[in-house]
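Go ahead and model the full structure; you've got the sequences and the hints to work with.
2 protein chains.
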Amino acid sequence: MSVTNKRIGIIGGGQLGKMMILEAKRLGFHVIVLDPAADCPCSSVCDELIVASLNDGDAILALAKKVDVVTYEFEHINADALEKAELAGVPVYPSVASLKKIQNKYIQKSVLQEKGIAVPRLSEEFNADFGFPQMFKSKKGGYDGKGNWVIKQKSDIPTDVDGFFEEWVDYELEVSVIACRAINGEVVVYPIGENIHSNSILDTTIVPARIDGQIKIKAMEVANQVMNVFEGVGTFGVEMFVCKNGDVLVNEVAPRPHNSGHYTIEGCFANQFENHIRAIVGLPFGEVSLIYPTVMVNLLGVESDGKANLVGLEEAYKFTPKVNVHIYGKSESKIYRKMGHYTVVDCDLEKAISVAEKLKGIVKVVGVL
Amino acid sequence: MSVTNKRIGIIGGGQLGKMMILEAKRLGFHVIVLDPAADCPCSSVCDELIVASLNDGDAILALAKKVDVVTYEFEHINADALEKAELAGVPVYPSVASLKKIQNKYIQKSVLQEKGIAVPRLSEEFNADFGFPQMFKSKKGGYDGKGNWVIKQKSDIPTDVDGFFEEWVDYELEVSVIACRAINGEVVVYPIGENIHSNSILDTTIVPARIDGQIKIKAMEVANQVMNVFEGVGTFGVEMFVCKNGDVLVNEVAPRPHNSGHYTIEGCFANQFENHIRAIVGLPFGEVSLIYPTVMVNLLGVESDGKANLVGLEEAYKFTPKVNVHIYGKSESKIYRKMGHYTVVDCDLEKAISVAEKLKGIVKVVGVL
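Line by line, the protein sequences are chains B and Z. In terms of the numbering used here, the first sequence has 50 at position 50, counting the first letter as 1, and numbering is strictly consecutive. Here the numbering used here = 1-based position in the second sequence + 369.
Mixed in with the good hints there might be a few duds.
Capping the alpha-carbon separation at 25 Å, the derived lysine-lysine pairs in PhoX-like fashion look like this [claimed, not checked]:
1) B/Lys137 - B/Lys244
2) B/Lys307 - Z/Lys435
3) Z/Lys375 - B/Lys360
4) B/Lys115 - B/Lys218
5) Z/Lys687 - B/Lys6
6) B/Lys115 - B/Lys100
7) B/Lys307 - Z/Lys375
Keep in mind the hints are simulated off the structure, nothing from the lab.
As structure tokens, then:
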């Protein structure tokens, strides 16, 4: 059988899955997706969509039976069902062992700490040594700032959440590193992106990150170690804090392509989605070096919740030929919902940043009631 | 309505259509395709497939009624039906007027000649002045060398073909230029590709073409003129002969993205398919300059006709991280059938050529009986 005759199953039908499929289709793979929404972003590009909850064990097993390899675009899914698929002989990448460790943020960070990778100090119990403010994080299910609480006094601690405490990190910069690991253990690491968040959601990624070369090397080494600790297969996003003293602390690991790696579509020869697909089907990686400075900006829903309406695309394309806009195809826009993103390239990083900034006033997705 | 809510109809469901869709999907467009084969390359990525002959006027009109704009990936289609769609108010790009002139190669070249664009001498009647060999070409329906005859003596002239005669051009090099024209008349021209054919089918495109800078400028000017002569909207491929004396003669115009422009997927920020989609929905163009030297090689079916089997993909990817392989998804391979292509990039053109050449022995699509 040609490798490209393999059938790929993806759990989760959002934009990450869609961008995986656009790469998989270039090589002719057959792709089946599982998602609760019949009109999810993947629905228009996949070969088959199984409409079911991401926790529906039977549906996950049914998907696994139809394909040669299973992957996922979201980590908060039914890992026990995936384990059954794995035991039944269907490869799951990243492996269920990786996933289970990463799904629980407390275990994720404890494992990293044990392996000597620097993370913020953490504790299952309230730790007065961390002082105030400190963070309280849900062990499971959190993303985009959801499941995180800033604890300014003891009464801020939620009582109904299974979580853990973390010291407050007064970081200078947040960076993330996209890394891919192959089934045979080979690791490639993309250039470091500098992330700017707004309301705890990624707003902008600037590549190359404007940090010292030594810190870059350290961050890339950390990402490499993280991939090996979790024996991750596929593309991972590793978010890190760069502290004022030059320390690099791992903040969070995502066992899938990551929002902060969207810049690789325009910025690199082989993007994070393509290398994810290559990894899970056992193919060697494509080139990951940076072609030119690249800035990615998220298009989050603005103004009001409602039917998605993209505004200013023509103006944005008129403003510069060096921007690409990506629209995920979600029919309903919500404030802060990830509706799309755009990427600006330029040989001059400052120019790319300035153009990306100007486009923020031009192109947007509004909800129409 | 957001521009990206537009519905796009594509006549023809082959690889050119598929690559258009992969770009259209990035912006969230809804795409409906018409093709006679239910398992055509577009079938796995389009939103809807109308299975019908490319000459089926009723089906073409039915498609037009469902969409906001119609385009095509193959020029030998029912232009009269498209004209009815246009009259009914559905925009067709490139326009039917452009298409009708281009469909008939004799008219295509006569129009160019009238407008002062250099083409090989041609004649509807046998012209002894052209000497032997000369070419006889079918006015309609020819592509990839089909519909062309080399006339070495008068008895070689086919008697049952509506064709015309053309002088034999002893060219030094064949080049092609991909150009895009917007509804408002703006034209962008991609870097020139140098084409190497084998059995009258494109084998390799090398970019930048290894020709003198003055000839490049001339070829790009000619492509610009061609776009304006035909008032083409969308991406066109303009094949040209570069003669030993530096003359540039237009050999053929294709009113659609072109095989020789596949290099733009990796070689340029905005590729020929993306700019085609941008053109037909009225969006300004993305950047077309060359990022790095790029070589594209077609994967034509080899060995025998039969079930398509891709061989050597892993070896090719192991050989270099700077190759991308594209597989169109045709289940049946035939000798010389276009099954896919690959693209090699490198900062050094000679290196890219040499790597592309070595990969010819590694990756291939064979037919398995």
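Hints, verified against the model:
1. B/Lys137 - B/Lys244: The hint holds at about 23 Å.
2. B/Lys307 - Z/Lys435: Since the Cα atoms of B/Lys307 and Z/Lys435 sit roughly 21 Å apart, the hinted pair holds (cutoff 25 Å).
3. Z/Lys375 - B/Lys360: This hinted pair holds, its Cα atoms lying about 23 Å apart.
4. B/Lys115 - B/Lys218: It holds: about 16 Å lies between the C-alpha atoms, which stays within 25 Å.
5. Z/Lys687 - B/Lys6: holds (19 Å)
6. B/Lys115 - B/Lys100: Given that 25 Å is the threshold and the Cα spacing comes to 17 Å, the pair holds.
7. B/Lys307 - Z/Lys375: holds (15 Å)
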